[in-house]
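These are the residues of each chain, in order.
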Amino acid sequence: MSLTERLLAALPAAATASAAQARERFVEFGLPNSRVESWRYSALRGLESLDPTAADTAPFAAAQLDGLSGTLAALIGGSWQTMSALPPGLGLAIAPSAGLRAPSELALNMPADSASAFALLNLAGAAAGLDLIVDAPVLGIWGLSLQHETNGLLQVDNRIRVHSGGAITLLEHWTGADEAGGLLNTLLDIELETDSELTLIRVQELGSKAQAMQTTTVRCADRARFNLVTLELGGLWTRHDVSVDLNKAGASANVTGLVALQGRQHHDTQLALRHLAGAAQSRTLWKAVANQRARSVFNGLIRVAPGADLTEAHLKTANLLLSAHAEIDTKPELVIEADEVVCSHGATVGQLDDRALFYLRSRGIPEAQARQILTLAFGGEVLAAIADSSLRAALSARVNAHLPQTFAE
Amino acid sequence: MLEITNLHARVAGKPILKGLTLHVRPGEVHAIMGPNGAGKSTLGHVLAGRDGYEVTAGTVHYLGEDLLALPPEQRAAKGVFLAFQYPVEIPGVNNTYFLKAALNAQRRFRGEPELDSMQFLKLTREKLKVLSISDELMHRAVNEGFSGGEKKRNEIFQMAVLEPRLAILDETDSGLDIDALKIVAEGVNRLRSPERGVIVITHYQRLLDYIIPDFVHVLADGRIVESGDRSLALELEAHGYSWIKERKLGAAA
Chain A
907 MSLTERLLAA LPAAATASAA QARERFVEFG LPNSRVESWR YSALRGLESL
957 DPTAADTAPF AAAQLDGLSG TLAALIGGSW QTMSALPPGL GLAIAPSAGL
1007 RAPSELALNM PADSASAFAL LNLAGAAAGL DLIVDAPVLG IWGLSLQHET
1057 NGLLQVDNRI RVHSGGAITL LEHWTGADEA GGLLNTLLDI ELETDSELTL
1107 IRVQELGSKA QAMQTTTVRC ADRARFNLVT LELGGLWTRH DVSVDLNKAG
1157 ASANVTGLVA LQGRQHHDTQ LALRHLAGAA QSRTLWKAVA NQRARSVFNG
1207 LIRVAPGADL TEAHLKTANL LLSAHAEIDT KPELVIEADE VVCSHGATVG
1257 QLDDRALFYL RSRGIPEAQA RQILTLAFGG EVLAAIADSS LRAALSARVN
1307 AHLPQTFAE
Chain B
26 MLEITNLHAR VAGKPILKGL TLHVRPGEVH AIMGPNGAGK STLGHVLAGR
76 DGYEVTAGTV HYLGEDLLAL PPEQRAAKGV FLAFQYPVEI PGVNNTYFLK
126 AALNAQRRFR GEPELDSMQF LKLTREKLKV LSISDELMHR AVNEGFSGGE
176 KKRNEIFQMA VLEPRLAILD ETDSGLDIDA LKIVAEGVNR LRSPERGVIV
226 ITHYQRLLDY IIPDFVHVLA DGRIVESGDR SLALELEAHG YSWIKERKLG
276 AAA
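Sequence lines, in order, name chains A and B. Here the first sequence is numbered in the working numbering, starting from 907 and rising by one per residue. Here the second sequence is numbered in the working numbering, starting from 26 and rising by one per residue.
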């Protein structure tokens, strides 16, 4: 059987009409190949040997992160479990069973091509789903723990809706056993209503064999604010497609990301920011560090639709190549179809500063430590986006743990 | 403690040092003066171990050991300190964190116990005061956005905390006003002791009003062409570097 056939065979029977429709589309378009522009650098080779029905690994004990107000729910052994009591203003529901929920708006708007094959596959039948509803400003930083414990296929379909005037900071902590080599295919659909705010912190520390395809879609109404801080640290082959639609005036998106890879890790983020109404703002800072034979791919698209005048959009990507065999493919893209916009973009790829390295060594700091200090400093600008100092310290320690301990070729 | 013998060094294939010999004994302060391009900064960088400075002949012994065979961090741990002419800005690395990491790395190398945050704070507090460095500067990134004077004072502050056996000051006086110059000199004078050696590289004699050297050397075209006591610096100040050249020519004639 081909990979497509094996994936289809592993899906539950379609429970709703929209699941059936997603399945049909998946069959129609198939999986993407490297001729699809957004899939040029992310070959599916690693999935060729995937058995989607393979068993789970032994239960994994995830390390807790300091600085959280509490953990709301945990995805363990392929299903969601609620954890701490909910803070005021927040509602949470675990989707009763695969595909039984009403289709998200996402399902209806999915672009019709193979680039969104994994989102379609997810909509055709996810095994687990979580709904979060925010009605009011929620204090604190609330965690969701997600564990990749499969050697087969695990599909998760989560949704967050922040009602008018609501606000929350959520932290998704992705972890998993090193022996878990299966595919995690997730969807996160976010709806931000008028004057609402979501700060989403993603800490991806999947196990060393993990493969993950993650899709996040966000829609922002009037003056809604979406802040994303994402740390891509773990996994073997990971990809995150993020699309943010700024649908109404005054909406804003702040995206900051740090990718730190070594060994043969591969990470690809495809970010699309669509300014569909005027006077919306977006700001993106993306940083990647690649060591040894790792590869980091980033495409940052800003599209300013006709009529979206007075848009302000800035995108910057800075990259650090620590080895001659590492690879960084980074591309900012601006498509502007409106007038009176302020847009900027820039990309740099470089190595550690020799002068800074010598300065540290001349003070007695051994070379490997000096390289590590400078590499962490490079990522520090991203961590600075985390307002809470104890969480920032905890995440800084996590990033440090994933930075190369050796700087070998 | 430092014996430099017939040192030849190239930078990017170009010979800069052409047979430099200099001996520094413990407790001595040596001033090295010379015109631009004479090789003053090259000497500092070769002693500290900067890549790209190729030693083609000669030897450097420090405390009986071949200094040139050691990587920069080991030279530092064994007590060699270079105060940079152009201190490097390192965005994202906190000044306090950097200096504590440096001190503890040196202590680790020497088999001494590392200092915890409280011990380190105690050690630095008094030295900050002497050098008129504000606490605020310690919380900023290393040298980032520092004024010229703040950078130089930060170098001397690092020296005061690391307590090197051999300190090399590479034009630390350049760009300093008279108040900052006095503060820097005070920092150096506090370090003077019978076990320590200091090399002050400078273009002007002004600094030597405040750091009184035991010996003054004139470096020209990669060699030390004249050595003397403090009065040599004053004569240079009065007559300029061309005076040395003329005197040499006069002697030859």
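Bear in mind the hints are in silico, worked out from the structure with no lab data behind them. Be aware that a few hints might be false.
Ranges of calculated distance between the beta carbons of each label pair, as one might list FRET restraints [as the list claims (entries may be wrong)]:
hint: 1; chain 1: B; residue 1: D76; chain 2: A; residue 2: G997; range: 51 to 61 Å
hint: 2; chain 1: B; residue 1: F134; chain 2: A; residue 2: A1253; range: 53 to 63 Å
hint: 3; chain 1: B; residue 1: F134; chain 2: A; residue 2: E943; range: 50 to 60 Å
hint: 4; chain 1: B; residue 1: L140; chain 2: A; residue 2: A1155; range: 48 to 58 Å
Note that the structure is predicted; figures quoted are calculated from it, not measured. For every residue, glycine included, the Cβ atom is placed at its ideal position computed from N, Cα and C.
These are the hints, each one checked on the structure:
1. D76/B - G997/A: 51 to 61 Å: holds (60 Å)
2. F134/B - A1253/A: 53 to 63 Å: At 40 Å between Cβs, range violated.
3. F134/B - E943/A: 50 to 60 Å: holds (52 Å)
4. L140/B - A1155/A: 48 to 58 Å: holds (56 Å)
Hint compliance for this structure: hint 2 alone is broken.
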